[in-house]
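Protein chains in written order, with this note's numbering: chain U, 1 to 372; chain A, 373 to 509; chain D, 510 to 863.
Because the hints were derived from the structure by calculation, they are not lab data.
Don't take every hint at face value.
To be verified - Here are the simulated EDC-like cross-link-like pairs (lysine to aspartate or glutamate), alpha carbons at most 20 Å apart as the crow flies:
id, chain 1, residue 1, chain 2, residue 2
1, D, LYS801, D, ASP777
2, U, LYS257, U, ASP172
3, U, LYS292, D, ASP800
4, U, LYS292, U, ASP353
5, U, LYS144, U, ASP172
6, D, LYS528, D, GLU645
7, D, LYS785, A, ASP467
8, A, LYS390, A, ASP407
9, D, LYS568, U, GLU122
10, A, LYS463, D, ASP777
11, A, LYS463, A, GLU501
12, D, LYS806, U, GLU251
13, D, LYS785, U, GLU312
14, D, LYS806, U, ASP319
15, D, LYS568, U, GLU285
16, D, LYS801, U, ASP319
17, D, LYS806, U, ASP276
18, U, LYS142, U, GLU200
19, D, LYS675, A, GLU508
20, D, LYS528, D, ASP548
21, D, LYS675, D, ASP814
22, U, LYS142, U, GLU158
23, D, LYS801, U, GLU310
24, D, LYS806, U, ASP172
25, D, LYS801, U, GLU285
26, A, LYS444, A, GLU432
27, U, LYS257, U, ASP353
28, D, LYS806, U, GLU280
29, D, LYS801, U, GLU251
30, D, LYS785, D, ASP849
31, D, LYS785, U, GLU280
Just so we're clear, the structure is a prediction, and the values are computed from it rather than from any experiment.
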Amino acid sequence: MNVENHPLPGPVPTGAKSSRTAIADCDIHPVRSQPNAFDPWLPARWRAHLQTYGAGRRLGMQAGPAYPKSQPNAARRDAVPPEGGPPGSSLAFMQAQHLDPNNVALGILNPLQTGQGIANPELSAAICHATNQWQVAEWTSKDKRLRASVLVPYEFTEAAAAEIRHWAGHKDFAQVLVLSRTGEPLGNRRYWPIYEAACEAGLPVAVHAFGYGGAPISSTGWPSHYIEEMTGHAQSCQAGLASMVIEGIFERFPTLKVVMVEAGFAWAPAFGWRLDKVWEQLRTETPHLRRKPSEYLREHVWWTSQPMEEPEPRTHLLDTIDWMGWDRVLFATDYPHWDFDDPALALAVPITDAQRKSFFLENAKNLYGVQA
Amino acid sequence: MSRHVVAPTNEIPPGTRKLFTIKGRPIAIFNLDGDYFGMFNRCPHQGGSLCHGTVTGLVESATPGEYIYSRKGEIVRCPWHGWEFDIRTGKSYCDPDRIKTRSYTVETAEGAKVVEGPYVAETVPVRVEENYIVVEM
Amino acid sequence: MIEAGAIDCDIHPTVPNLKALLPYMNDHWREMVITRGMDELNSISYPTHSPITARADWKPAEGKPASTLARVQAECLDPFRTSIAICNCLYGVQLLFSEDMASAFSRAVNEWMAREWLDKDARLRASIIVQTQNVEMAVDEIERCAADPRFVQILLLASGDHPLGKRMYWPIYAAAERHNLAIGIHAGSNYHNPPTAVGWPSYYTEDYVAQAQAFQTQLTSMVCEGVFSRYGHLKVVLLESGWTWLPAHLWRLTKYWRGLRMEIPWVDRSPTEIVKSNVRLSLTPTDAPPDKAGLEKIIEHMQSDELLLFSTDYPHGQFEGMGVIPEGLSADLVRKIMVDNPRATYSRLLETVS
């Protein structure tokens, strides 16, 4: 197979000029330029540990899942920086290819493949902390449009809460990040210290698709194919969100905000209707819930737009967003991954200016409290 | 329509491709075994740069578990969402059943019009004149 | 308005207890049940006294709902004026880890169904209950029951050991195709895996909500693995699955298929098209939007009036009184749901019972 990982000669086409309206991109994935890029912030003990033992997750392979991606690094092949390094590793190239031409006034960083999900609790915490330092040093301090996520070792909640408290009040951090496929459903009490710390810090908690918590990635075992895993994020995110609602974290933590990232969003209305119906039928099981589930969703949960579902006709998606509320959806590109949504074409359906503004910028500004 | 001399043939050796701007439009030129093919560089789905996609072969199957691999190097996949396009014809494999039954015409046009989207990448006719790659647009 | 002559595609005559199945076991298994002190196989999918398991007015003073013919006739068949009702027995036989025991007990359920239900009311049809750990034994049981034309479907659970599209299960689909049996995937799990993709929930409410996700997973699996490429005429019915989630799921799956087709090249038709031709969903429960206008919209999103099959899901508590048909459906659509679609799906219904 003719796989070319290097940039082609000739100019890289970028989007239109930045006379485009300002947007927020609520899911950007910065990547280390080299495997040892976190070393400045990793104690020697962990650098040595990584050298010898690697960073085992609850997965069989040392590196990469047993569902190989469809493209190397799951990245767009046109996002390889001209100076080298993997897609997403060069701030300069990210600015030139994406942030500047697309007029990204607010970009939320969600680094993946860091300490999260690592089986060794202390290693997980150490790498999360190092990555958080790296986000500030290499990204947010150099481009004021960008905001970082507090990466936490979410399976080790004491350490996770401590990491949140460490960064609380730091202006560069917009949210706490966890992955969606956790060891137990995200509403489970064992994760509550994370929500407590996040609320104390005034930070939303973003749940980003992926992670390997140890259970099969579906309720009926392991599917065969990558396409099934990708489609399946909708199911695993529904499971985590259902747990959050039904376990009552929005009652326990009334200021908590949750962002579902890279899970798609069109599943949200029917999910809310089903939650409401079942909650109503089984009301005596959950006396701690004082409101309908869909009301909790309406007030506490946001969804990023990518991967955007593509109904035919496309206008059916407007019904979906009407049902969710136009204040619920946050535009995101998932740069530099494949499955990138170009802001100019992403929502190519007739909507009002107010709806367009909400979707592309205002919702994010309001959620993250940014003046931009 | 006008004739554009794009580049000398040795600038695009077999198995490679290059991006040009011709009459203000980005055009990707591919060399398949000595034959040149041109394509409007924007994927008809959402505008991804086709020139930057993986070039691969065609994978077909008559039955689950069977993988028939052919036409190595003749399919380009859009780097954004992976849609497959036949470099020779612009035909997309993203919905094989619909393509089998649906006819399309490949034509070039003035301006930025894309033909019969979203299942066809607009091709441009390319020929060689005395060691130069020439495009009619 | 309930049309007379409707075909109810999902009712649940209930096994009163394991003792009731003893007459349908051989000497050995009868002995095992008694000697080992086994008395119940109640799945947590339906806690015995929960409001979903039995609607309040269908709950007897003692014992389980829907466990006598008289009750089923008086509470379900007669009031809803159904011409035919398909019985899907939800006793926890599939949960057992011994494939031999699970097979023997599945067979006992099928025998119990035939003798105590199908023989006694000509309106009744049934699904063949099979365990799926040993596919060969499942096929044996299918072959045995297929001889009886009143069995119209093979019942599988929404969550099992592996996704249902995997090739290990294909002999079941081959048997279905051989005998014109539908494949019915019913809400519930054999709990051989955690009930959600992220582990075990704390509340039954979560488990029941999670059923929709299980169906989404199974639909993805069957489409992507090529079950419908290989068994083009197979009809798969999602039972007690909810259905308003379907459009969004297909938008997502179809989009991914367009870009990832290379991984599953035998899927040469859009998943949306495959579902239109090969997959059906029972009506109840309807996880409806809060208003009629919303329901009309979601019906429009379904893009086919052939997908839904009438069901009461009796004795589960999914609606009040006779309100099984959600408001906002056109009379034409209701007629299709109640009669035409079930007839088109279950070709064995056309055979007369001798």
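Consistency of the hints with the structure:
Among the hinted pairs, LYS801(D) with ASP777(D) is inconsistent with the structure: their alpha-carbon atoms are about 37 Å apart, more than 20 Å. Restraint check: the Cα-Cα separation between LYS257(U) and ASP172(U) comes to about 18 Å, which is no more than 20 Å; the hinted pair holds. Taking the CA atoms of LYS292(U) and ASP800(D), the gap is near 16 Å; set against the 20 Å cutoff, the hint holds. Restraint check for LYS292(U) and ASP353(U): the C-alpha separation of about 31 Å exceeds 20 Å, so the hint is violated.
Note on LYS144(U) and ASP172(U): the hinted pairing holds, with a Cα-Cα distance of about 9 Å set against a maximum of 20 Å. About 27 Å separates the Cα atoms of LYS528(D) and GLU645(D), which puts this hinted pair outside 20 Å; it is violated. The suggested pairing of LYS785(D) with ASP467(A) holds, with an alpha-carbon distance near 16 Å, which does not exceed 20 Å. As the CA atoms of LYS390(A) and ASP407(A) are separated by approximately 14 Å, the hinted pair is consistent with the 20 Å bound.
Under the criterion of a C-alpha separation no larger than 20 Å, the hint pairing LYS568(D) with GLU122(U) is inconsistent with the structure, at around 54 Å. With a C-alpha separation of about 15 Å, the suggested pairing of LYS463(A) with ASP777(D) holds against the 20 Å cut-off. About 26 Å separates the Cα atoms of LYS463(A) and GLU501(A), which puts this hinted pair outside 20 Å; it is violated. Of the pairs offered as hints, the one joining LYS806(D) and GLU251(U) is violated, with about 32 Å between alpha carbons and a cut-off of 20 Å exceeded.
Only pairs whose Cα atoms come within 20 Å are accepted, and LYS785(D) paired with GLU312(U) is accepted, the gap being roughly 14 Å. A threshold of 20 Å between alpha carbons decides the hint, and for LYS806(D) with ASP319(U) the separation of about 8 Å falls inside it, so the pair holds. Between LYS568(D) and GLU285(U), the direct Cα distance comes to roughly 19 Å. Compliance with the 20 Å bound is thereby established for this hinted pair. With a C-alpha separation of about 14 Å, the suggested pair LYS801(D) and ASP319(U) falls inside the 20 Å cut-off, and the hint holds.
Using a Cα cut-off of 20 Å, the hinted pair LYS806(D) and ASP276(U) holds, with the two alpha carbons roughly 19 Å apart. Annotation: proposed proximity of LYS142(U) to GLU200(U) is violated, straight-line Cα distance about 28 Å (limit 20 Å). At most 20 Å may separate the alpha-carbon atoms for a hinted pair to count; LYS675(D) and GLU508(A) exceed this at roughly 51 Å. A C-alpha spacing of about 7 Å is found between LYS528(D) and ASP548(D), which places the hinted pair at or below 20 Å, so the restraint holds.
Taking the CA atoms of LYS675(D) and ASP814(D), the gap is near 29 Å; set against the 20 Å cutoff, the hint is violated. For the proposed pair LYS142(U) and GLU158(U), the alpha carbon gap of about 31 Å is over 20 Å, so the pair is violated. For the hint pairing LYS801(D) with GLU310(U), the CA-to-CA distance comes to about 25 Å; that exceeds 20 Å, so the pair is violated. This hinted pair does not check out: LYS806(D) and ASP172(U) have alpha carbons roughly 42 Å apart, beyond 20 Å.
As the CA atoms of LYS801(D) and GLU285(U) are separated by approximately 29 Å, the hinted pair breaks the 20 Å bound. Our distance criterion of 20 Å between C-alpha atoms is met by LYS444(A) and GLU432(A), whose separation comes to about 12 Å. Distance hint between LYS257(U) and ASP353(U) is unfulfilled; the C-alpha atoms sit about 26 Å from each other, more than 20 Å. In summary, the hint linking LYS806(D) to GLU280(U) is not supported, as the alpha carbons are separated by about 23 Å, beyond the 20 Å threshold.
Only pairs whose Cα atoms come within 20 Å are accepted, and LYS801(D) paired with GLU251(U) is rejected, the gap being roughly 30 Å. Among the hinted pairs, LYS785(D) with ASP849(D) is consistent with the structure: their alpha-carbon atoms are about 15 Å apart, no more than 20 Å. Our distance criterion of 20 Å between C-alpha atoms is broken by LYS785(D) and GLU280(U), whose separation comes to about 32 Å.
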